[in-house]
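Colleague: Sequence:
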Amino acid sequence: MNQRPPAKSAADAIGKIRIAYRALYAMGILCLFMSGVILTLAGRPGIVFVAALSALFGMLYLFLGFRVKRRSTAALIVAFILTALNVLAGIVNAVQTGVPGFLMLHVGILCALSPAQAAIKELKSAEQMS
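Under this note's numbering, think of the first position of the sequence shown as 251, with each following residue one higher.
Please keep in mind that the hints were generated in silico from the structure rather than gathered at the bench.
The reader is advised that the hints may include incorrect statements.
[As the list claims (entries may be wrong)] 25 Å max Cα-Cα, derived SDA-like pairs, lysine to any residue:
1. 371 x 310
2. 371 x 268
3. 374 x 283
4. 319 x 373
5. 371 x 331
6. 319 x 374
7. 319 x 330
8. 371 x 269
9. 371 x 295
10. 374 x 332
11. 374 x 308
12. 319 x 362
13. 319 x 377
14. 374 x 269
15. 319 x 308
16. 374 x 302
17. 319 x 283
18. 319 x 380
19. 371 x 316
20. 319 x 350
21. 319 x 361
22. 374 x 327
23. 371 x 357
24. 319 x 367
25. 319 x 360
26. 371 x 283
27. 374 x 364
[As the list claims (entries may be wrong)] With beta-carbon atoms standing in for the labels, derived distance ranges:
28. 294 x 374: 44 to 54 Å
29. 294 x 262: 46 to 56 Å
30. 294 x 323: 38 to 48 Å
31. 290 x 364: 16 to 26 Å
32. 365 x 316: 50 to 60 Å
All C-beta atoms, glycine included, are put in the ideal place defined by N, C-alpha and C.
Could you build all of it, start to finish, from the sequences and the hints given here?
Modeller: Below, the structure is given as structure tokens:
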């Protein structure tokens, strides 16, 4: 009567990590694309700063995605915190303007990053055992 649940496969853990780094890559590409759009529409010097900041965050997301692909726990934590701050800023922006903007995208990426932490720990512990 005491049945143990089947052990999770390594493929499931790798799939969770794959979802996390692909979400980070998508976010990085979106930030770089938006910085290009902002630069083409720039008519004021202040807009160029916003475009540069967007490009910087795009490169950061791409770097974090690369590190998560290499199973870096620290990069995953930094990406999770950065995305959580984006969600909080999106909530404040949605309350002030009444337009949610990219809030759902950030929430989706946050949900994709959540299970990857356990998957990285699982894979690292499996590697140490063998």
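Colleague: Each hint: holds or not?
Modeller: Comparing the hints with the structure gives:
For a cut-off of 25 Å, the pair hint linking residue 371 to residue 310 stands: about 23 Å separates their Cα positions. With a C-alpha separation of about 14 Å, the suggested pairing of residue 371 with residue 268 holds against the 25 Å cut-off. Proposed proximity of residue 374 and residue 283 is contradicted: the alpha carbons are some 35 Å apart, above 25 Å. Of the pairs offered as hints, the one joining residue 319 and residue 373 holds, with about 12 Å between alpha carbons and a cut-off of 25 Å not exceeded.
For the given pair, residue 371 sits about 18 Å from residue 331 by alpha-carbon distance, which is consistent with the 25 Å threshold. Annotation: proposed proximity of residue 319 to residue 374 holds, straight-line Cα distance about 13 Å (limit 25 Å). Under the criterion of a C-alpha separation no larger than 25 Å, the hint pairing residue 319 with residue 330 is consistent with the structure, at around 14 Å. Restraint check: the Cα-Cα separation between residue 371 and residue 269 comes to about 16 Å, which is no more than 25 Å; the hinted pair holds.
At most 25 Å may separate the alpha-carbon atoms for a hinted pair to count; residue 371 and residue 295 exceed this at roughly 46 Å. At most 25 Å may separate the alpha-carbon atoms for a hinted pair to count; residue 374 and residue 332 meet this at roughly 24 Å. Only pairs whose Cα atoms come within 25 Å are accepted, and residue 374 paired with residue 308 is rejected, the gap being roughly 28 Å. Distance check on the hinted pair: residue 319 and residue 362 sit about 14 Å apart at the alpha-carbon level, within 25 Å; holds.
Straight-line distance between C-alpha atoms of residue 319 and residue 377 comes to about 16 Å, which keeps the hinted pair within the 25 Å bound. Among the hinted pairs, residue 374 with residue 269 is consistent with the structure: their alpha-carbon atoms are about 18 Å apart, no more than 25 Å. Taking the CA atoms of residue 319 and residue 308, the gap is about 17 Å. The hint holds against a cut of 25 Å. With a C-alpha separation of about 37 Å, the suggested pair residue 374 and residue 302 falls outside the 25 Å cut-off, and the hint is violated.
This hinted pair checks out: residue 319 and residue 283 have alpha carbons roughly 22 Å apart, not beyond 25 Å. Between residue 319 and residue 380, the direct Cα distance comes to roughly 21 Å. Compliance with the 25 Å bound is thereby established for this hinted pair. A hinted pair counts as satisfied when its Cα atoms are at most 25 Å apart, and residue 371 with residue 316 qualifies at roughly 17 Å. About 30 Å separates the Cα atoms of residue 319 and residue 350, which puts this hinted pair outside 25 Å; it is violated.
For the hint pairing residue 319 with residue 361, the CA-to-CA distance comes to about 17 Å; that is within 25 Å, so the pair holds. Between residue 374 and residue 327, the direct Cα distance comes to roughly 16 Å. Compliance with the 25 Å bound is thereby established for this hinted pair. The suggested pairing of residue 371 with residue 357 holds, with an alpha-carbon distance near 23 Å, which does not exceed 25 Å. Only pairs whose Cα atoms come within 25 Å are accepted, and residue 319 paired with residue 367 is accepted, the gap being roughly 12 Å.
A C-alpha spacing of about 16 Å is found between residue 319 and residue 360, which places the hinted pair at or below 25 Å, so the restraint holds. Restraint check: the Cα-Cα separation between residue 371 and residue 283 comes to about 33 Å, which exceeds 25 Å; the hinted pair is violated. Taking the CA atoms of residue 374 and residue 364, the gap is about 17 Å. The hint holds against a cut of 25 Å. With their beta carbons about 49 Å apart, residue 294 and residue 374 fall inside the hinted range of 44 to 54 Å.
At about 50 Å, the CB distance of residue 294 to residue 262 agrees with the hint of 46 to 56 Å. At about 41 Å, the CB distance of residue 294 to residue 323 agrees with the hint of 38 to 48 Å. For residue 290 paired with residue 364, a C-beta distance near 35 Å fails the hint of 16 to 26 Å. Checked against the given bound of 50 to 60 Å, the beta carbons of residue 365 and residue 316, roughly 19 Å apart, lie outside it.
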